[in-house]
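A.B. asks: One line per chain: the protein sequences are A and B, in this order. So that you can map any letter, position 318 of the first sequence is 318 in our numbering, and since no number is skipped, the others follow by simple counting. So that you can map any letter, position 363 of the second sequence is 363 in our numbering, and since no number is skipped, the others follow by simple counting.
Certain hints may be false.
Just some of the chain A residues that point at chain B, by a computed CB distance under 10 Å [stated by the list, open to error]:
#	residue
1	M364
2	F491
3	L497
4	L585
5	V623
DSS-like cross-link-like pairs, simulated, lysine-lysine; straight-line CA separation at most 25 Å [as the list claims (entries may be wrong)]:
#	chain 1	residue 1	chain 2	residue 2
6	B	K269	A	K615
7	A	K609	B	K428
8	A	K187	B	K615
9	B	K599	A	K615
10	A	K599	B	K615
11	B	K273	B	K38
12	B	K184	A	K615
13	B	K603	B	K269
14	A	K615	B	K273
To be clear about the criterion: a stretch of chain A counts as covered by chain B if any three or more of its residues have a C-beta under 8 Å from a C-beta of chain B, and this derived list gives those stretches [stated by the list, open to error]:
#	segment
15	24–31
16	252–262
17	570–579
Please keep in mind that the hints were generated in silico from the structure rather than gathered at the bench. For every residue, glycine included, the Cβ atom is placed at its ideal position computed from N, Cα and C.
Number of protein chains: 2
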Amino acid sequence: MLELVLGAGGLAILFALVLIAVVVHKPSGSPKMVEIAKAIQEGAGAFLRRQFTTIAIFTVVIGIILYFATTPLTAGSFVLGAILSALAGWIGMAVAVRANVRTAQAAHEGIGPALNVSFWGGAVNGFAITGLGLLGVASLYYWLGNPALIIGLAFGASLVSLFGRVGGGIYTKAADVGADLVGKVEKNIPEDDPRNAGVIADNVGDNVGDCAGMGADMFESYVVTLIAAMLLGSSLFGALSSQVLYPMLMAGVSIIASIIGLFFVRMNKGNEKTVWNKFMLGLLVTAVLSAFGFAYFASQLFANWTGIFGAGLIGLVTTILIVLITDHYTTRDGKPVRSIAEASQFGAGTNVIAGLAVGMKSTMWPVIVIAAAVGLSFWLAGLYGIAIASMGLLSMTAIIMAIDTFGPIADNAGGIAEMAGLPEKVRKNTDPLDAIGNTTKATTKGIAIASAALSALTLFASFVEVTGLVTIDILNPIVLIGLLLGAAIPFLFASYLMRAVGSVAQLVVAEVRRQFKEIKGLMSGKARADYARCVDICTRGSLRQLFMPGLIAVLSPVIIGFVLGPAGLAGAITGAIASGLLLALFLSNAGASWDNAKKYVEKGHFGGKGSDTHKAAVVGDTVGDPSKDTAGPSINPLIKVLNTLSIVLAALFVQYALIH
Amino acid sequence: MLELVLGAGGLAILFALVLIAVVVHKPSGSPKMVEIAKAIQEGAGAFLRRQFTTIAIFTVVIGIILYFATTPLTAGSFVLGAILSALAGWIGMAVAVRANVRTAQAAHEGIGPALNVSFWGGAVNGFAITGLGLLGVASLYYWLGNPALIIGLAFGASLVSLFGRVGGGIYTKAADVGADLVGKVEKNIPEDDPRNAGVIADNVGDNVGDCAGMGADMFESYVVTLIAAMLLGSSLFGALSSQVLYPMLMAGVSIIASIIGLFFVRMNKGNEKTVWNKFMLGLLVTAVLSAFGFAYFASQLFANWTGIFGAGLIGLVTTILIVLITDHYTTRDGKPVRSIAEASQFGAGTNVIAGLAVGMKSTMWPVIVIAAAVGLSFWLAGLYGIAIASMGLLSMTAIIMAIDTFGPIADNAGGIAEMAGLPEKVRKNTDPLDAIGNTTKATTKGIAIASAALSALTLFASFVEVTGLVTIDILNPIVLIGLLLGAAIPFLFASYLMRAVGSVAQLVVAEVRRQFKEIKGLMSGKARADYARCVDICTRGSLRQLFMPGLIAVLSPVIIGFVLGPAGLAGAITGAIASGLLLALFLSNAGASWDNAKKYVEKGHFGGKGSDTHKAAVVGDTVGDPSKDTAGPSINPLIKVLNTLSIVLAALFVQYALIH
């Protein structure tokens, strides 16, 4: 049945190509719109090129080290993983920066056509990720016949994902905050105003952060979970067992289900509520169809198939539950967000306190759901069941990425409409899409976090298999020490990312201010701003800020592994997963709820726009920006890199560690 | 040698009585000062009375449950633990609210006399805690001859400590924030202005939160670590072994060392720097003397004494290191705090981001130090070594509490000076003490957190002994699930506490506003504010807000224990310790650094007081208040209650849990 899997992977690529053709053939509007879109494309391209150069250097260096320290096959699959991940990111973004202007053009006709273009554009990202991921894994397995030989692929994907998430995350928020601080606050001009030199960088940021960064993160989770599940199946039941095949079949099934689910999102007329309902419908259809597919193949492959099928089903249900929980805590008109808006009446301090409280509280239910998923799937099908549940959750990556990536495209479309001076009705059609994009971004981020935690746990099980640890006993002080140190890693990592945004944003502020001062006629609209310089500042700044977080991610498992040995490292990984899961949920959800609390006030509550309450709410939103779009989601690749790197180097730790 | 221990405990009580006599015989100043001090005393008394009533109800109910569910001895020692803890808190506070006015009076003569009175007043708290703690434990052991029978004492202390820290923490910040929001922000009158109806409540808060709350926390850590170390010694070497005696001897030795160390803090003239240096000198003298005592008794009791002595030494060194690290991250003129002040130039949002980043970063070194202490002490003397290291850290509680409690006394003295309209020079002498008090508060809080983590780890080892768990294997999904759920508990708990302060503060704001509006002549100084009402609002409000956090702390181990069984609960405790340690450090250090960043700006940097930078810094300080004084430190009793309650109910979990 491996041919079926390869076929499904190919189908995903084919479908992505069809979607690209459909989107690219949509009209792209007036010359002015095309010119603006071109600037965004160039900026995004410039960022990716420079990022890829950095990544390429790292990949070559690490690849050479792996070549000598492990096996040539590991080194080779590592390079392939890095290339595939980069390719997926590049395809997704190349389409997004073309779909944005076409969405703006389609918005002339109504909200429905605009939704369709942006959603299809986003879907390309989803199918590129799942298609390349599944094809890469399945064909390597087809060739080598042993999942243990392709773990390098997972580490390659992890490394690129770390760069993509962190670099993109810093870029997008630095540009956003920097442009706003001068434009909205100092000069009192609207968002996306073409006189603001940072405005193109801001739109580029949406693409490199929310689209390529998120894509790299999900690609990593997808590939990593797939490989980890296969590894586990292999070590428990043999390298050619049905247990190795089944995770790939699940991925294949859900790709087809996602294609069908996609057609349920089509819309002609509607509003925010309708769009959200359409998304939920698409998700539900995909989940139900996937469930049938899971059941069919499980019954074909296994004698006692209900347990394994049940575990997969738990994964699908977990996806839906995480969406609903995240939505509860972050949606604009919900109780938690309103509590933040209310607190804003007493000033910025109470607004921030309320947001921190909502963020902390929002961690409990996702953790309970994840813990229950782990427990139930283990009860149903043992350690392998946990891997299958993770795969169930991640199998829906295609449709989830479509729902996610549509957001930055719609956001960009609104920006282009503003900059190109399109009629009022266009923004009226893109604004609700932008708003719903903010909500879906928060919920898909919740899924990305849950998936990162689950895939890390699956990987962890593989790490244990590889090192031959029989128990990881918390009563062993080495494990306990590792656990404490590991739990601190996400905090240290996040602290650098919170600062990074501020540092780069300050450079943007200085540049935008300089241009307003030095370029004559800019404020009156007679001269044109030098957008490229801001794009360049963001690109270089965010890549420079990558250094420390990258070092922490790569060095900490190496140091802990060589000093405390495999048991200590196992403790550290566990600690990092637990604290990382909580910190990521806390930062992401707090950020999203601050954002929506501001939007709630802007809808006219508690004095509306311009009131003191609004000013207080803006402070929370500023704090939330790096929390939700940089530090929070970057913890995902962090915990996965800790894991994949640990597995890749496991044999060395077993042999050379100081303490055993 | 148990007599020596009892003697040292008695000596601590005696010394506390001498200090009380010395402090109370100091002149208490003008009638106006006495009147103000009386109001603070009454407010603090009213709070403690009502809090004790609540605690008494809980104690009786839980005592009855324990009587039937466990043994009468456990129930009895539980009640004794609760009473001793309450008594220690009451003594410490009763002296603090008398030392404050005498400090203000002494400040007429200079900074030296003011320091002496406030430090001696604070020392009463330290010796009451250590004296009652050591006497309680040692005499019960003297009577029963088995540490396993007195675990109830630890749980009693835990419960009161939870109430004391949480209730006091909410009170102090609600009063502080509430009074400032109306006084400083709306009415533009200085802090501690007698026209502000919330001003007495604010001063009461310093006593019930920073003095009684912190005292209850440290009393708990002290008693709990002592018992846990003895328990471990007992189960490893027998109930009458030297290993059971040694922790008590350590406590006794350090009491005597602390008395001597105390005399090195005396000062005649000086400034902030001198005071800090004196404190460090006192701490160092105490540590060195303790080390000699540890060595002497270890060499008397054990053949291979160097390992056990080494573990105790590690505890002492850990104390000093934690002080230095916390000081680095939170001191006013240090680099981390300056980075927050600099960020404030760009607005409140960047100020908050910078503070969050400093808080996150500040977690790494304390965790490394604690992990190293655990590892080294285990290497030296096994599991028992970890307990001895914890005891080494906690043995210095007396002098640490003296250094800590002097802060709120000096703070109060400044408030009384302001309210009584004392000459300028008095505030000039109390202000530097107040400032240094803020720094010492942050560093002693660091020690309280480290001690809570270490005592929780020691307790954890006892829990494992009691339940007879041979391993706690992370590869067991039940353990893993427990770990994830446990890690979420501190986040949920903290979220309620962050909100609690805001909720009660809003009631204070409403009341202070009402009084300004309805009491004629209040603003012009002709009429007197109704302080008692604000005190009452804070008292009732903070006790009501205790409910949910208290429920979380008490119910979560019960639910997890009965559902997931001892192994799952062990995982949960580990998770809660790891994430609780990080969250407590993060919140406390972020809060302290925001506070000092504001003070740094107020010293004239970046525009000084009244500038936009200052306004931004004030926002961070507001966010920091509940972080550092309510939510952060309340996590200490939380993780200890989880542990002690788990031990007390361990037998039930073993028998009746759903999953094994």
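A.B. asks: Verify the proposed pairing of K273 (chain B) with K38 (chain B), using a straight-line Cα cut of 25 Å.
C.D. replies: violated, 32 Å
A.B. asks: At least three residues with a C-beta closer than 8 Å to a C-beta of chain B: is that true for the segment 24–31 of chain A?
C.D. replies: Violated - the segment 24–31 of chain A has 0 residues with a Cβ nearer than 8 Å to chain B, which falls short of three.
A.B. asks: Given V623 (chain A) as an interface hint, is the shortest Cβ-Cβ distance to chain B below 10 Å?
C.D. replies: holds, 5 Å
A.B. asks: Just to be careful: measuring from the Cβ of F491 (chain A) to every Cβ in chain B, is the smallest value less than 10 Å?
C.D. replies: Holds: closest Cβ of chain B sits about 4 Å from F491 (chain A), inside 10 Å.
A.B. asks: Is K615 (chain A) within 25 Å of K273 (chain B), Cα to Cα?
C.D. replies: Between K615 (chain A) and K273 (chain B) the Cα gap is close to 40 Å, so the pair fails against 25 Å, i.e. violated.
A.B. asks: So is the segment 570–579 of chain A in contact with chain B by the C-beta rule, three or more residues under 8 Å, or is the coverage claim wrong?
C.D. replies: holds (count 6)
A.B. asks: Holds or violated: are the alpha carbons of K599 (chain B) and K615 (chain A) at most 25 Å from each other?
C.D. replies: holds, 24 Å
A.B. asks: Please verify whether K609 (chain A) and K428 (chain B) have alpha carbons no more than 25 Å apart.
C.D. replies: violated, 45 Å
A.B. asks: Has the given pair, K184 (chain B) with K615 (chain A), been kept, meaning a C-alpha gap of at most 25 Å?
C.D. replies: holds, 20 Å
A.B. asks: Check the hint pairing K599 (chain A) with K615 (chain B) against an upper bound of 25 Å on the C-alpha distance.
C.D. replies: holds, 24 Å
A.B. asks: Is K187 (chain A) within 25 Å of K615 (chain B), Cα to Cα?
C.D. replies: Given that 25 Å is the threshold and the Cα spacing comes to 21 Å, the pair holds.
A.B. asks: Less than 10 Å between beta-carbons is the criterion; does L585 (chain A) satisfy it with respect to chain B?
C.D. replies: holds, 8 Å
Checked against the numbered hints above, the structure breaks hints 6, 7, 11, 14, 15, 16 and satisfies the rest.
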